[in-house]
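Sequences are here, hints too, so could you generate the full structure?
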Amino acid sequence: MLARDAWAELRGRAVFWFSTAVLLVALAMAAFPGLFARLGPNEACDLRMSKRGPADGALFGYDLQGCDYWSQVVHGTRASIVVGVAVTVFALLISIVLGLIGGYYGGVADALISRITDVFFGIPFVLGATVVLVAFPDHGIWAMTLVLVLLGWTTMTRLMRGQVIAVKDMDFVAAARMLGASDRRLMFRHILPNAIAPVIVVAMLNVGNVIAGEATLDYLGVGLQYPDVSWGLQLNIAQTFFAEHPHLLVFPALFLTATVLSFLMLGDVVRDALDPRLR
Amino acid sequence: MRYAAQRLAQAIPVFFATTFLIYTMVFALPGDPILALAGDKPVPEQVLAVMRARYHLDEPLLVQYGRYMLGVFQGDLGETFTGQPVSELLQDRWAVTAQLALTAWVFELAVGVGLGVLAGLRRGGAADTAVLAGTTFVIAVPVFVVGYTAQIVLGLNLGLFPTAGTDEGWPGSYLLPGMVLGSFGLAYVARLTRTSLVENLRADYVRTATAKGLARRRVIGLHALRNSLIPVVTYLGVDFGNLMAGAVVTEGIFNLPGIGQQVFQSIQLQEGPVVVGVVTLLVMIFILANLAVDLLYGVLDPRIRRARA
Chain A
57 MLARDAWAEL
67 RGRAVFWFST
77 AVLLVALAMA
87 AFPGLFARLG
97 PNEACDLRMS
107 KRGPADGALF
117 GYDLQGCDYW
127 SQVVHGTRAS
137 IVVGVAVTVF
147 ALLISIVLGL
157 IGGYYGGVAD
167 ALISRITDVF
177 FGIPFVLGAT
187 VVLVAFPDHG
197 IWAMTLVLVL
207 LGWTTMTRLM
217 RGQVIAVKDM
227 DFVAAARMLG
237 ASDRRLMFRH
247 ILPNAIAPVI
257 VVAMLNVGNV
267 IAGEATLDYL
277 GVGLQYPDVS
287 WGLQLNIAQT
297 FFAEHPHLLV
307 FPALFLTATV
317 LSFLMLGDVV
327 RDALDPRLR
Chain B
408 MRYAAQRLAQ
418 AIPVFFATTF
428 LIYTMVFALP
438 GDPILALAGD
448 KPVPEQVLAV
458 MRARYHLDEP
468 LLVQYGRYML
478 GVFQGDLGET
488 FTGQPVSELL
498 QDRWAVTAQL
508 ALTAWVFELA
518 VGVGLGVLAG
528 LRRGGAADTA
538 VLAGTTFVIA
548 VPVFVVGYTA
558 QIVLGLNLGL
568 FPTAGTDEGW
578 PGSYLLPGMV
588 LGSFGLAYVA
598 RLTRTSLVEN
608 LRADYVRTAT
618 AKGLARRRVI
628 GLHALRNSLI
638 PVVTYLGVDF
648 GNLMAGAVVT
658 EGIFNLPGIG
668 QQVFQSIQLQ
678 EGPVVVGVVT
688 LLVMIFILAN
698 LAVDLLYGVL
708 DPRIRRARA
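Which chain is which? The protein sequence lines are A and B, in order. My numbering runs 56 ahead of the 1-based position in the first sequence. My numbering runs 407 ahead of the 1-based position in the second sequence.
Keep in mind that the hints were calculated from the coordinates and are not lab data. The beta-carbon is built from N, C-alpha and C at its ideal position, and this holds for glycine as well.
Derived Cβ-Cβ restraints for the label pairs, each shown as a range: (1) B:P467 with A:L310: 45 to 53 Å; (2) A:A165 with B:G482: 36 to 44 Å; (3) A:R67 with B:I559: 39 to 47 Å; (4) B:G532 with A:G68: 15 to 23 Å; (5) A:G68 with B:F480: 58 to 66 Å; (6) A:G218 with B:F423: 24 to 32 Å; (7) A:A87 with B:A533: 37 to 45 Å; (8) A:G162 with B:V645: 23 to 31 Å.
Below you can see the structure in the form of structure tokens.
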């Protein structure tokens, strides 16, 4: 019922369709960059063209190495999307498991989980990630994912636990328990579906935040390294030449912002649709 | 009072666990700082042993950590591998970061709450739409892009602010970096204030107050706003710690000699003692800010105080 109402509400929102469209394009670019880019990553670069602005045959101009900037920016999509989505999915799984255990059983398990959450919540994001990433210099996209999951599972876990606690005392849960449902059935059949909606919303917002965070680490020079291609790396190089060659900054920043913005807007409209109080 | 004691009792183990985790991350990860100190030259075994003993690197990690924390509580953050006391290295830098974070924080508080109230009072109006669109945009643009765009446009091209460094002192040199650092939090505060105010304006107690014949200003200012600011206070408290830590990026862009810049250099040089010193103090600030917020919470909302005590 709630899902159908929410869908009816979403269908009428222009913002919903706009952000979905942007995200579909971004997903397509991440999955099949060859459909969009003329050249492969770091392919056919010509140093004589270094930092040249947009011109015929090169819509976005050239980067520092003289590679076609449009192709480079398109290839940068994959890193952002993969890290953003993978980190959020793993963090969501952790938060579902820990939130259910802590919220449902309470007692020692809950206290332990809550304190561990507090500990990880207290680590500053940029500094914590930098410490780990500098210690392992040869990290790729999956090591980045691991580090970002490690530092980013706490918010959703806290929310999930709170939701489970709120739902588990409701009448329908008590009714199911009296009918003899097992703990596991109660948790996954009855509590989880009714507790997860706000967590899903935060997860959508989280994808945007993770993408921005990954770009920040690349920008600081501790994230992905050449020959990887990512928007953060492009922005890192752009900072030195930005004043004279603004196209180096503008294009990756535009793609990055559009992607992050779409995830945030999608999260916002879904939240509005799921929350009948705001109607 | 019991509530305060309970929260304190929870915060202490969290503090030690977090700092121990940081300590382990920094010192247990690969890379031998003593070998790094010597560069490419081979180091005799005896020298290595002496150096390791001097910095207690030959003891179990837990003992090292205990020794370190004892020092921290006496104001001693240890020394770098080149023999300089860490606290001396950071002495002048704390002031820079604190001024920066405070500027950003005041900016968030004043402008964020202002915009949030403006939007929340007329939900669906032009101001509301503008604030919602503007804040979503600010949240979506990474801080470093905001940073150097502002630096070039407002600093270099328009000449409104100094572009880098701390030559003009506070507030001149800190205004632009502060606004950049606070932009993300500002957007968050504005949205939080708006949502919270919208919900409270519909609450029964607001209708009762209006029905009693109170002036609209009084209803909003005294009743609705006060309750609406509870989640905002939480966010602002947590965010002060975030601002101190987030200064890494902003200080880099605007070349402010604060702890963020120092700690970033130290991480790359594998100067463990400096990193641990700074992060330990940051965690302490973060936990204290959270604690202060929780206590303030009780003052603002008597229900919380009674329910949890």
